[in-house]
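Participant: As they're listed, the protein sequences go chains A and B. Residues 0 to 522 in numbering that gives the first Met the number 0 are what the first sequence spells out, letter by letter. Residues 0 to 411 in numbering that gives the first Met the number 0 are what the second sequence spells out, letter by letter.
Some hints here could point you the wrong way.
[What the hints assert, rightly or not] Listed below are the simulated DSS-like cross-link pairs for lysine-lysine, each with C-alpha atoms no more than 27 Å apart in a straight line:
# : chain 1 : residue 1 : chain 2 : residue 2
1 : A       : K34       : B       : K95
2 : A       : K25       : B       : K375
3 : B       : K95       : B       : K375
[To be verified] Chain B stretches covered by chain A per the calculated footprint, using a threshold of three residues with CB under 8 Å from any CB of chain A:
# : region
4 : 32-41
5 : 116-124
Calculated from the structure, these hints are not laboratory results. Computed from a predicted structure; not experimentally measured. All C-beta atoms, glycine included, are put in the ideal place defined by N, C-alpha and C.
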Amino acid sequence: MTMTEVGGPDNPFILVNEPEGPPSEKLTPWEWIRKNLFSSWVNTLITLIFGPIALYLIYRFARFVFVTGRWDPVDSNLELFMIGTYPREERWRVVSQLIVMSAGIGGALGTMNASAKARRKLTGEEFVPTSWRTYASSYWSVVLFVLVLLVGFTDTTGPWLMVGAMVVLGVAGWAATTWLPDALRPLSWSASALLIVVSFQLLSGTGGWAWFYTVLALVPLISGVVGRLSPSIARMAAPATVGLGLAIAIAALVTSSVVVGLVGILVGIYGLVLVRQGDRLDATRVGLIMIASGVVTVLYRAIGLSGIDWSEWSGLHLTMTVAVASTLLAFPIGVLLALGRRSSLPAIRVMSVAYIEFFRGAPLITFLLAGAFFLGFFLNTESPLSLITRAIAAITLFSAAYIAEIVRGGLQAVPKGQVEAGLASGLSQPQITRFIVLPQALRAVIPAMVGQFISLFKDTSLLGIIALSEFLDVRLLVHAQEDFRGFGIAETMTFVAFGFWAFAFAMSRESQRLERRLGVGQR
Amino acid sequence: MLYGVPLMAETQAVQATRPPPWRDVRVLGIVGQIVAVVSVVLVLRWLIGNLFTNLDEAGIDRGFDVLNQPTNFAIRDANFDSRSPLWPDMVVIGVKNTLLSAAVGIVIAVILGVLIGIGRLSENWLVARLSQIYVEILRNIPPLVIIAFFSFAVFTFGPFPPFNPSSPPWQINLPGTDTTALILSNDRWGIPSIARDGDLLPFWIALAVAAVVAIGLWTWRTRVNINTGAPHRRGLWAWGGFLLIAVVAFVLLDTPYRWSWPMVSESGRRIEGGFATNAGYLSVTIALGLYTASHIAEIIRGSILAVPKGQTEAANALALTGLQRYRFVVLPQAMRIAIPPTINQFLNLTKNTSLATVVAYPEITSLVKTAIGNGKPAVQLLVMLMAIYLTFSLIISVVMNQVNRRFQLVGR
């Protein structure tokens, strides 16, 4: 395996093959012990002190898990931990959401893999597929968590069937997209993304996901306008488009109804019309998704499949939803803020800095409380906003500031020569930003972004403070039950900690892997 | 300018043929800024106008005078009853408690973090593994979960006995004496503290003399070093002299400071003497200390690894011993990398003390939340709360800039 230089121009994911260390020397177990535990007298002393401590800790932990721990509170409330107070007769929607989504994610991964392969073929480089071992070293904690749930805490076959279906469909999606002919690949991107969008719609029915549409709508608009029009107009059009996007966001927030679906269709068509050349493909995909999801919304409306109001969502499901939704929403805002902070126009720079420093200066809990107590006062809404909407708004505004700082780091890392080369090629400022600076900056900050996503995921545990029953606070419901009052607290807390840890750990491993793979800090 | 690169239109050569205003980059820039500022101002005006209208409609006072009214709730373990005003009494207690928790948490985090960070690089496989496991576990669990774990699983429903007349707490004596060293219960702990005893003035004068002597020793050793080239060892001399005089004065003046040992009161309800802490404080401080230690450990490890290998090799070539290599070559360089992110972690820890709301430790955020629950106006209180945290951030960033400047002087 060889270290290769930066590969494809636009795929941020497959760039450098994993670097390989020198061949490791083979040691017999005895030599290994001598080298690593007893190489000097200090080393021996340390081993003799810490060895018994480690053994004792392992013993106590194993005893707690397998012997003394009384896991009935978790055992009889597993569903509560997963979906909280979500209406039980609508459970099928969550199940089908997960299954459809895993097909979509499988498809997306397969497509990514296939396009990397195609690009390597084009450049004549050797394609090294990511091995199962690499995936396993990143994701074993999640697999362990799911296995613990299935083996330890379920008595029925339902969950087994669900996980089985998720695995089968995920692999099917991966296989189908991997072996699809090259010509059809754009379609497989769209299809995978569509599956993911529709899976959320299964849950929301017609309402609730107004935010999600809006973000998708912003993508073709921004990528369409910035860099397409002549520089002078683009300079004014770009902020105007952003303003329009934000206006749609507010409108969508206030009216979560079929109107949102129609807005989605219209914006999708607009994005298609707007983008006439260049990376038409991206915009086509997003436009197609928008139109399709709008159609699905209207269809649901027609057959009377109403949404589950998301004030009824709770448990791990709520935790995940809030984390994903806030990240998706915060990302574009954060990128804009970072560009604003690096802008040459002083007024825009000052406003961006003020926003970023304000939101980074105070802890998230103050913004959550503000959201819960008086966000509604700022907007003239007909009906009060749901608590979850307020929470997502607070977390989004908060993490946008952090994302902005991360992206700024990436922007600063782009060499000046890149911008100069762009100017020399006669590109306009927005074009340079869109095609030269941003792709390099964003690629460099992917690991840090994953890190930010981890801390956002961990921050969702604060939702309990404003009386939302997320994964951590389900324990309050559990211990309010007659049987479990003041009993098994250490066990439920350990279970919750394990749940958070499993996902956060997998993401941090993934971020380390991306760091190595993208060769950050090696160029 | 675009990312620091001057644009064509901005250079002298092009000025002769300036484009018409509607295509002039500079004119457009100014117009764009005016549009942006005006639209932001308009949106803010709309939002704040809405806020005021809605507050007035709901009959909520929007002045800051309401903060001077009594809070109508009491705070345990503090000189504060329901008649005390929110501003400044409650705020002072809250900020004090925030800082108390943050300061002790930072000490725990630094000590543990540095040990574990170095432990991860240990040649001993076992130590390296244990440190890695610690970091990978603690770093990936939300701090709130750790706080709640300590508060509920370790204290409230943990192994410790309740504290009331019918069930005395655990009291651990100093070995071989009747003095209680530790009082442990499920909601309060008593630990020894240091209390003043008698007149302090002579002792402080003695300390001042010791400081002068220490400075004198320092200067003398420095001069010896410059003149003769002998090793200065001025730290050893100065600190040794200072400590010697301080200890002698301490003994001669009949110990002006004494240990104050905690004791269960006659009624069996309170802790007398020592330093009494409650479970909320302990959970927040210990949990945040442990959590932040995992981050600091990563910073330390990263900084040591970031020192180029050639530096170590050069130190080896100069025949420095292992300890000298660390003390004079690796650590000074690693410190410069490690200090800014570590200070940032201190700020994070301070902000994270706001999570104490879930365990009823009366720091500023939980007091503000209680006050809002008692019908105080949320808008003013939260604005005040954000202002307090912004002040902390501002102070930390000033400190950070100073530190950065100081450390950059050393460098290239």
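Participant: Of the hints stated earlier, which fail here?
Facilitator: 1 and 2
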